[in-house]
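*Asks:* In order, the protein sequence lines correspond to chains A and B.
Following the working numbering, the numbering of the first sequence begins with 34 at its first residue and continues without gaps.
Following the working numbering, the numbering of the second sequence begins with 310 at its first residue and continues without gaps.
Because the hints were derived from the structure by calculation, they are not lab data.
All C-beta atoms, glycine included, are put in the ideal place defined by N, C-alpha and C.
Be careful, since some hints might not be right.
[Said to hold, decoys possible] Incomplete in silico selection of chain A near chain B, CB under 8 Å:
id, residue
1, Thr41
2, Gly45
3, Arg89
4, Phe92
5, Ser197
6, Gly212
7, Ala213
8, Asp214
[Stated by the list, open to error] When the alpha-carbon atoms are kept at most 25 Å apart in a straight line, the in silico DMTMM-like pairs for lysine to aspartate or glutamate are as follows:
id, chain 1, residue 1, chain 2, residue 2
9, A, Lys147, A, Glu95
10, B, Lys463, A, Glu261
11, B, Lys463, A, Glu244
12, A, Lys272, A, Asp255
13, A, Lys147, A, Glu261
14, A, Lys147, A, Glu59
15, B, Lys463, A, Glu251
16, B, Lys463, B, Glu406
17, A, Lys272, B, Asp413
18, B, Lys463, A, Asp214
19, B, Lys463, A, Glu219
20, A, Lys272, A, Glu239
21, A, Lys147, A, Asp229
22, B, Lys463, A, Asp191
23, A, Lys147, A, Glu73
24, A, Lys147, B, Asp413
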Amino acid sequence: MNELSPTTRPEGCLSDFAFDRRLAGELDPREEAEARAHVEECARCASRWEELSREREAFAAEPLPSGLRARAHARISKGRLFATAGALAAAAAIVLAVRALPSDGARTKGDDVKLSFYVKHGSSVRLGASGDAVAPGDALRFVYTARTAQHLAVLSVDGARRVSVYYPNGSTAARAPAGADVALPESTVLDDTLGDETLYGVFCPEPFALEPLRTALEASPDRAPLPEGCAVEVLTMRKEAIRSP
Amino acid sequence: MKSRSIETLYREHGHAILRRARRILGNEDDAREVLHDVFVTVIDRPDGFRGESSITTWLYAATTNACLNRLRNQRTRARLLAEESPGADRPTAPSAENAAVLRDLLARVPLELARVAVHLYADEMTHEEIARVLGCSRRHVGDLAMRLLESVRKTEEIT
Chain A
34 MNELSPTTRP EGCLSDFAFD RRLAGELDPR EEAEARAHVE ECARCASRWE ELSREREAFA
94 AEPLPSGLRA RAHARISKGR LFATAGALAA AAAIVLAVRA LPSDGARTKG DDVKLSFYVK
154 HGSSVRLGAS GDAVAPGDAL RFVYTARTAQ HLAVLSVDGA RRVSVYYPNG STAARAPAGA
214 DVALPESTVL DDTLGDETLY GVFCPEPFAL EPLRTALEAS PDRAPLPEGC AVEVLTMRKE
274 AIRSP
Chain B
310 MKSRSIETLY REHGHAILRR ARRILGNEDD AREVLHDVFV TVIDRPDGFR GESSITTWLY
370 AATTNACLNR LRNQRTRARL LAEESPGADR PTAPSAENAA VLRDLLARVP LELARVAVHL
430 YADEMTHEEI ARVLGCSRRH VGDLAMRLLE SVRKTEEIT
């Protein structure tokens, strides 16, 4: 595989992210002063600032696409912030099949929490069931239930024994307010690693770091990470290749 | 979120979503679909943005995830790789070859490393900026960057 070239942005110059924040008026006074001073003395950044400013102006002349406008109006007229069950399905919620695992004393599932998921395969959405198969390219959407507020993370061990943190981004678990069938933001599209994949939904009353759990799973992929005082929901799915007709 | 607010958000921030999606995915059609998908998310789940970060930061993360979902979908990835071309005019963006190498990488490494790879190689962000988008410490970004390099090296050893 060819190596990726190092960054082309000179040391000290502004990234597009910094420019986008500046265009949005999100820089604090110190950042704004530094950015202004740099742009005044750097030809590269002055040019890039002009270019991105023009790009923003040109795009701002585009109307909101009619489909998005209609969707926004429909949302407002319903007077609800969350999608209905049918709309949730249309938004490709993913159902994870929950398969009961033989008890080996290493997993603990609290009665007050639950993790499940929906699977979107092509244009169809289904609530998964124990033992269901999924396919590469299927999209998953996790849904949790918690009687009390928790901190939640979802980790995965795939068919190649690789560990990933599916949710959340960052280094610590995300806050999960109490609620029933609360959908986590964003879907996850399954890659093409086949085989059995195990998902661990870790619920804790206090914030917790993700790296120790990831490290523990890498060392022992078959052992549910269980921080003290926490509950773990273990789910599995069987990822199979899509059969040709 | 009111319709007028959605329109304002679209006009003020859509350019950045589209630009980044073009750079990551390499073609206009897929980039436009990501733009649409991100705003569907904004409309359907307005609570997704809880004000814990700026709008720009939140949209950067949402765009990255939407692009990665597309790339990691096997069918989409095969199509994108088959269509590999220099793409849109990007005077200060990585070269077309670099972009193709990056897309291949993004489809193969673990998701959390793919996010970092996007911000390092496509966005050319600093570690501090990446930490802001990911909502983690700068040190954790450094750790992820090291793991990314190790993952790439291991893949090169095998292939």
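*Asks:* Does the structure break any of the earlier hints, and which numbers would those be?
*Replies:* Hints 2, 6, 7, 8, 9, 10, 14, 18, 19, 20, 23, 24 not satisfied by this model.
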